[in-house]
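Here are the chains, one letter per residue:
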Amino acid sequence: MSRLVAWAIFLLGCLYFLLPLLGMGEFSLRMRRGEYSLDAYRVVFADPRFWETFGYSLGLAAATIVMGVVLVVPTAYWVRLKLPQARPFVEFVTLLPLVIPAIVVVFGYIRLYNTSSFLPLTGSALGTDILLTMGYTTLALPYMYRSVDTGLRTIDVTTLTEAAQSLGAGWFTILARIILPNVMVAVLSGAFLTLAIVMGEFTMAALLNRPAFGPYMQLLGANRAYEPPALAVIAFAITWGCMGLMQLVTRFSKHERAKA
Amino acid sequence: MSYLNLSHLEKVFGQNRVVKDFTLGIDKGEFISLLGPSGCGKTTVLRMVAGFEAPTSGAITIDGQDVTGLKPNNRAIGMMFQAYALFPNLTVAENVAFGLKVKGVARDERAARVEEMLALIGLPEMGARFPFQLSGGQQQRVALARALAPRPRVLLLDEPLSALDAKVRVSLRNEIRAIQKDLGITTIFVTHDQEEAMSISDRIVVMNAGIADQVGAPFEIYNRPTTRFVANFVGTLNTFDVSVEDPGLGRVSLAGQPLTVPGLPDGARKGDVLPIALRPEALRLGQLPGAEAVLPAVIEDVHFMGSVIRLTARAAGAQLSMDTFNRADQPPPVPGQTVEISLSGRDAIVLRG
Ligand SMILES: Nc1ncnc2c1ncn2[C@@H]1O[C@H](COP(=O)(O)OP(=O)(O)OP(=O)(O)O)[C@@H](O)[C@H]1O
Ligand SMILES: [Mg+2]
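These protein sequences, in sequence, are chains A and B. For the first sequence, position 198 (counting from the first letter as 1) is numbered 198 according to our numbering, and the numbering increases by one without interruption. For the second sequence, position 120 (counting from the first letter as 1) is numbered 120 according to our numbering, and the numbering increases by one without interruption.
Any given hint could be a false lead.
[Stated by the list, open to error] Here are the simulated DSBU-like cross-link-like pairs (lysine-lysine), alpha carbons at most 35 Å apart as the crow flies:
(1) B:LYS101 with A:LYS82
(2) B:LYS20 with A:LYS82
(3) B:LYS270 with A:LYS82
(4) A:LYS82 with B:LYS71
(5) B:LYS103 with B:LYS71
Keep in mind the hints are simulated off the structure, nothing from the lab.
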């Protein structure tokens with residue numbers, strides 16, 4: 001009986017998530033009247049702006065991931081190793097981006113780094129891209145920090161560090177050859193979350209006036225009927241692809257299997 | 001001047017003086033054990049030598065070089081941990097090669113050294129495995145190879161055997177000792193297992209609450225403990241109260257029988273009551289010719305341990321334990337039986353402090 005209830009609730013949950021997706025998918029196929037077709041997708045893929053904005057956001061996502069890894073891995077490592085009492089504080093700081101709206105952050109940026117400021121980053125395309133990358137890094141910080149910190153929990157950070165030190169390794173070697181490889185799966189899951197956030201982000205890119213994927217989706221959504229759901233389906237496919245990749249990476253890194 | 005010198009080391013954590021005025025000289029190639037109860041500061045001393053803790057005061061020199069302020073990665077010290085601490089993302093061979101790679105040793109030379117080390121620890125075929133594919137004992141041997149590969153000046157081991165089961169523990173400790181002798185590497189070994197310390201060390205440092213109570217060869221520590229703590233911590237002791245008869249000649253009496261004991265304290269006077277101690281093996285079952293005293297005793301318990309039989313008995317108001325060797329033609333006494341125990345004053349340890 002209770003099994004039955006459990007199954008019923010599970011099915012209900014599935015329907016709750018899947019029905020909108022199915023509806024959206026179905027709608028995206030109805031561009032041609034009276035029959036299903038992939039016309040909406042064809043239109044999307046034929047639009048050069050799709051490829052431009054998509055490529056642009058992908059590039060920024062890569063930069064954001066690199067930035068996030070460089071920032072978060074040493075920080076989380078250091079906090080675990082030397083400042084365990086500061087962990088709640090650092091965690092709180094990394095959660096701030098969830099509380100502070102992106103629009104506040106971006107207006108802060110524009111005030112601080114406008115063309116008449118000491119560091120006129122908004123004055124050039126490259127400068128603005130750097131600013132946007134920093135903004136994205138902030139947005140992705142809660143996810144990146146959490147996954148890396150969880151990854152660090154699975155290894156004995158202190159002893160491994162001491163072992164490496166006694167073998168003559170300095171900080172860079174320890175981070176690059178011992179710590180990073182051991183939290184690689186965690187870093188990757190953080191990276192895929194970052195990718196998902198950056199690909200869909202609208203506010204920052206729009207206000208800094210950069211040709212990103214988020215504003216493009218918004219633009220399309222405001223003007224077309226069938227293409228936006230097609231875009232959404234594409235976005236979902238990308239996300240699920242990422243998750244699949246994550247699984248694969250976990251599967252293929254031999255030493256990770258020991259922990260499972 | 002010894003090869004490795006610890007002079008007047010002190011370590012304070014907050015209000016807690018964990019290591020107090022610790023001075024020790026270790027010769028090149030010597031195997032030293034730090035032995036003591038939990039929390040006495042053994043690990044702290046070792047970590048100061050490794051450079052993971054800075055001494056509050058005092059100095060450490062290796063081969064004439066003052067290393068007190070040196071970072072751990074510049075000390076050329078090998079370390080083995082209780083928890084193995086192999087790098088889980090690297091294979092066995094990569095683990096062993098790690099220190100060499102950091103040092104910038106060329107690839108061919110590195111490979112040769114790794115092969116040599118794996119042969120030394122008896123795991124020549126295991127280079128391609130990952131640590132999780134090895135048993136605990138094998139992992140700890142790899143950790144030894146990894147520590148030794150870059151030819152450190154000093155090898156430090158912090159209870160490396162305590163996570164292993166009894167049989168592996170004994171075989172691996174002998175293996176560590178053999179390799180250590182073979183390479184002639186100066187070694188400090190931390191343990192709270194006295195049998196372990198006594199069986200493989202050149203010298204033992206018995207630590208008590210941050211102080212080095214006694215330093216000496218195992219034979220010396222066991223037979224001539226200088227403090228009550230050392231006497232009690234190392235091995236089993238039977239203590240008796242004796243009264244002094246003639247302090248000059250070392251004559252005392254135990255339950256009315258005269259004994260001559262070595263090393264009565266200087267201030268002892270006739271009529272004083274002092275504790276003396278005897279090891280289980282200094283008590284003999286039966287009347288032995290040449291024994292100074294024979295005490296009647298009642299057997300309370302018999303533990304048959306194979307080649308040795310440990311008996312618990314009560315004599316002269318004290319509970320004592322004694323060891324006798326097993327003999328197939330002579331069954332041991334049974335509980336409740338009255339026996340005679342022979343002992344001699346020259347085997348006694350006079351306790352002070
Ligand atoms: N980092 C630290 N901060 C504060 N106190 C410490 C620290 N490290 C050790 N201590 C204290 O110092 C004392 C000695 O610790 P140490 O680890 O040297 O003991 P030990 O002899 O190795 O004991 P065990 O046999 O249990 O390993 C203990 O009371 C411990 O609580
Ligand atoms: Mg310890």
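How the hints compare with the structure:
1. Between LYS101 of chain B and LYS82 of chain A the alpha-carbon distance is near 26 Å, which keeps this suggested pair within the 35 Å criterion.
2. Proposed proximity of LYS20 of chain B and LYS82 of chain A is supported: the alpha carbons are some 25 Å apart, at most 35 Å.
3. For the proposed pair LYS270 of chain B and LYS82 of chain A, the alpha carbon gap of about 61 Å is over 35 Å, so the pair is violated.
4. Distance restraint check for LYS82 of chain A and LYS71 of chain B: the Cα-Cα separation of roughly 16 Å lies within the 35 Å cut-off, and the hinted pair is therefore satisfied.
5. As the CA atoms of LYS103 of chain B and LYS71 of chain B are separated by approximately 15 Å, the hinted pair is consistent with the 35 Å bound.
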